[in-house]
Amino acid sequence: MSSSLRRLYEDLRSISVTVVYPPGEDRDVVVQQLQRIGCRLKVVWPFPAEPPAGVDVILFQVSQDLEGRSAWNASAVDAAFVALSDYESPTTLKLLLDTRAHGVITKPFRSSGILSTLVLARASQGFQQRQQGKIEKLESTIKSRRQIEKAIRVLVDYQRMTETQAYEHMRERATGLRVTVAEVAAMLLEAHEAMEKLGFATAKPASGK
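Numbered per full-length UniProt numbering, the sequence shown spans residues 1 to 209.
Think of the hints as simulated: they come from the structure by calculation, not from any bench.
Misleading hints may appear alongside valid ones.
Unchecked claim - EDC-like cross-link-like pairs, simulated, lysine to aspartate or glutamate; straight-line CA separation at most 20 Å:
hint: 1; residue 1: K143; residue 2: E183
hint: 2; residue 1: K150; residue 2: E139
hint: 3; residue 1: K137; residue 2: D86
hint: 4; residue 1: K107; residue 2: E168
hint: 5; residue 1: K197; residue 2: E168
hint: 6; residue 1: K107; residue 2: D86
hint: 7; residue 1: K42; residue 2: D98
hint: 8; residue 1: K134; residue 2: E196
hint: 9; residue 1: K143; residue 2: E163
hint: 10; residue 1: K42; residue 2: D56
hint: 11; residue 1: K150; residue 2: E196
hint: 12; residue 1: K94; residue 2: E163
hint: 13; residue 1: K107; residue 2: D26
hint: 14; residue 1: K150; residue 2: E193
hint: 15; residue 1: K150; residue 2: E168
hint: 16; residue 1: K94; residue 2: D65
hint: 17; residue 1: K107; residue 2: D65
hint: 18; residue 1: K42; residue 2: E67
hint: 19; residue 1: K137; residue 2: D157
hint: 20; residue 1: K42; residue 2: E88
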């Protein structure tokens with residue numbers, strides 16, 4: 001067995017999996033295969049109002065129980081979502097799409113398809129989390145730049161600095177305080193807003209020649 005395949009199996013044996021599905025032969029097939037893989041397993045029924053917390057993978061029945069339950073959405077849960085679909089009717093497909101599941105297993109359930117679905121669902125969730133992290137970082141960067149630009153404008157208008165001088169002033173203060181320029185900009189804007197509310201924020205007149 002290659003090292004990458006060994007790591008894959010070790011990962012699957014370490015994860016916690018919750019199965020949300022009614023009792024019966026179909027659930028037994030899924031549960032028994034998960035037990036063979038070595039996952040830490042928990043079975044939940046009846047269908048809960050919210051997805052179980054503190055687990056790595058949730059396998060759940062696509063049913064009318066999902067209607068109106070916005071919490072059952074992969075983007076809102078820190079777990080891989082695998083749908084267990086009994087039918088492929090338009091209603092079921094709509095419910096499935098609403099969950100944004102990372103994987104789906106359709107009846108008749110077979111032990112042979114569960115391992116690959118787990119692997120792909122975990123990979124899909126990991127990719128989704130990385131992309132979300134990049135988006136959040138980008139949004140934070142954009143917000144910081146806007147704050148810095150706004151703070152520069154305040155210093156230009158009220159302290160009669162040039163844009164270069166304003167940025168250098170904030171950079172020096174950031175170095176002295178051991179914080180980022182964005183944090184200094186936020187402090188400056190907060191102070192300026194407070195001064196405006198008190199009626200003290202008045203632009204300095206341009207110096208005469």
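Hint-by-hint comparison with the structure:
Of the pairs offered as hints, the one joining K143 and E183 holds, with about 11 Å between alpha carbons and a cut-off of 20 Å not exceeded. Proposed proximity of K150 and E139 is supported: the alpha carbons are some 17 Å apart, at most 20 Å. Of the supplied pair hints, the one linking K137 and D86 is violated, its CA atoms being roughly 39 Å apart against a limit of 20 Å. For the proposed pair K107 and E168, the alpha carbon gap of about 65 Å is over 20 Å, so the pair is violated.
With a CA separation close to 27 Å, the supplied pair K197 and E168 exceeds the 20 Å bound. For the given pair, K107 sits about 5 Å from D86 by alpha-carbon distance, which is consistent with the 20 Å threshold. For the hint linking K42 to D98, the alpha-carbon distance of about 24 Å lies beyond 20 Å, and the restraint is violated. Between the alpha carbons of K134 and E196 the distance comes to roughly 36 Å, so the proposed pair goes past 20 Å and is violated.
With a C-alpha separation of about 19 Å, the suggested pairing of K143 with E163 holds against the 20 Å cut-off. For the suggested pair K42 and D56, the alpha carbons sit about 11 Å apart, so the restraint of at most 20 Å is met. Only pairs whose Cα atoms come within 20 Å are accepted, and K150 paired with E196 is accepted, the gap being roughly 15 Å. Between K94 and E163 the CA atoms are separated by roughly 53 Å; this puts the pair beyond 20 Å, and the hint is violated.
For a cut-off of 20 Å, the pair hint linking K107 to D26 stands: about 8 Å separates their Cα positions. At roughly 12 Å between alpha-carbon atoms, K150 and E193 fall within 20 Å of each other, so this suggested pair holds. Between K150 and E168 the CA atoms are separated by roughly 15 Å; this keeps the pair inside 20 Å, and the hint holds. A threshold of 20 Å between alpha carbons decides the hint, and for K94 with D65 the separation of about 13 Å falls inside it, so the pair holds.
In summary, the hint linking K107 to D65 is supported, as the alpha carbons are separated by about 18 Å, within the 20 Å threshold. Between the alpha carbons of K42 and E67 the distance comes to roughly 24 Å, so the proposed pair goes past 20 Å and is violated. At most 20 Å may separate the alpha-carbon atoms for a hinted pair to count; K137 and D157 exceed this at roughly 30 Å. Proposed proximity of K42 and E88 is contradicted: the alpha carbons are some 26 Å apart, above 20 Å.
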